[in-house]
Amino acid sequence: MNNLKKIVRRMTMSILFLLALLTTFQSISGVEAKTLSQWFYGYRFFNDNQDNREKRILLNYKKLQRQNRVQPKISSKQTFNDSIRLEEAFDWSKYPTKTVVATGYTAGVESTGKTPDHPQYGITYSGVKVKRDLYSTIAADLNVFPIGTILFIPGYGYGVVADKGGAIKGDRIDLYYDTVEDVYKYWGKKTVDVYIVKKGDGTLSEEELISLNENEAMQVFRQQYLKEKS
Numbered sequence: 001m002n003n004l005k006k007i008v009r010r011m012t013m014s015i016l017f018l019l020a021l022l023t024t025f026q027s028i029s030g031v032e033a034k035t036l037s038q039w040f041y042g043y044r045f046f047n048d049n050q051d052n053r054e055k056r057i058l059l060n061y062k063k064l065q066r067q068n069r070v071q072p073k074i075s076s077k078q079t080f081n082d083s084i085r086l087e088e089a090f091d092w093s094k095y096p097t098k099t100v101v102a103t104g105y106t107a108g109v110e111s112t113g114k115t116p117d118h119p120q121y122g123i124t125y126s127g128v129k130v131k132r133d134l135y136s137t138i139a140a141d142l143n144v145f146p147i148g149t150i151l152f153i154p155g156y157g158y159g160v161v162a163d164k165g166g167a168i169k170g171d172r173i174d175l176y177y178d179t180v181e182d183v184y185k186y187w188g189k190k191t192v193d194v195y196i197v198k199k200g201d202g203t204l205s206e207e208e209l210i211s212l213n214e215n216e217a218m219q220v221f222r223q224q225y226l227k228e229k230s
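Residue 116 in the numbering used here sits at position 116 of the sequence shown; the count goes up by one each step and never skips.
Honestly, the hints are just simulated from the structure, not real lab data.
Every value quoted in this text rests on a predicted model; they were computed, and no experiment measured them.
Please note that the accuracy of each hint is not assured.
Below, computed lysine-lysine pairings styled on DSSO-like, alpha-carbon distance capped at 27 Å [as the list claims (entries may be wrong)]:
1. K94 x K129
2. K94 x K199
3. K227 x K131
4. K131 x K185
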């Protein structure tokens, strides 16, 4: 019985002490107990909501990343079935343009004066071999388009300036084809607006040209040019 009385007395003293402490805090700070309680629960509510918002933002971001990975803009199936070409697949209006007269040339004697047994046959001024591909080698006036400049030529594709020619002066370019027959069949001579994708720095290597043509994201379009060659 005496122990019970001691416990009750201690609890009463503790409660009175807490009430006195709270009263002292209110008188010093001017903050009421109700306000303090609201602030505490409001703080928890804010932080809980903040955590939830951050979690929702993170989940939405991850969802968007998954959608971007599994839903490419143009699939290989669409490209071949719908005959979607580079001219239609990209917004070319963001690139500067230049009107040029474009002709076709080959590595043969009719264009370069070199025969297949010549040690420099098929070798451009830049040192790379001529190529008709997604990114083909072309010739230009190097004062207008330096070596390494990448142009997009509607109806032809990407052209990388790798060569120059005695008759290629000013706003003229020469587009490489494998044969004379291809020059006349696919091109001839045209006045065309070309898009300047990248201005060259005067250099071009085989490795750079290979890297451009083997870009994984561009293989659906590359097949169209390889199919045209075959």
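Quick rundown of the hints versus the structure:
1. Annotation: proposed proximity of K94 to K129 is violated, straight-line Cα distance about 31 Å (limit 27 Å).
2. For the hint linking K94 to K199, the alpha-carbon distance of about 15 Å falls within 27 Å, and the restraint holds.
3. The straight-line distance between the Cα atoms of K227 and K131 is roughly 15 Å, inside the 27 Å bound, and the hint therefore holds.
4. Simply put, K131 and K185 have alpha-carbon atoms about 18 Å apart, close enough for the 27 Å limit, and the pair holds.
Violated hint for the displayed structure: number 1, the only one.
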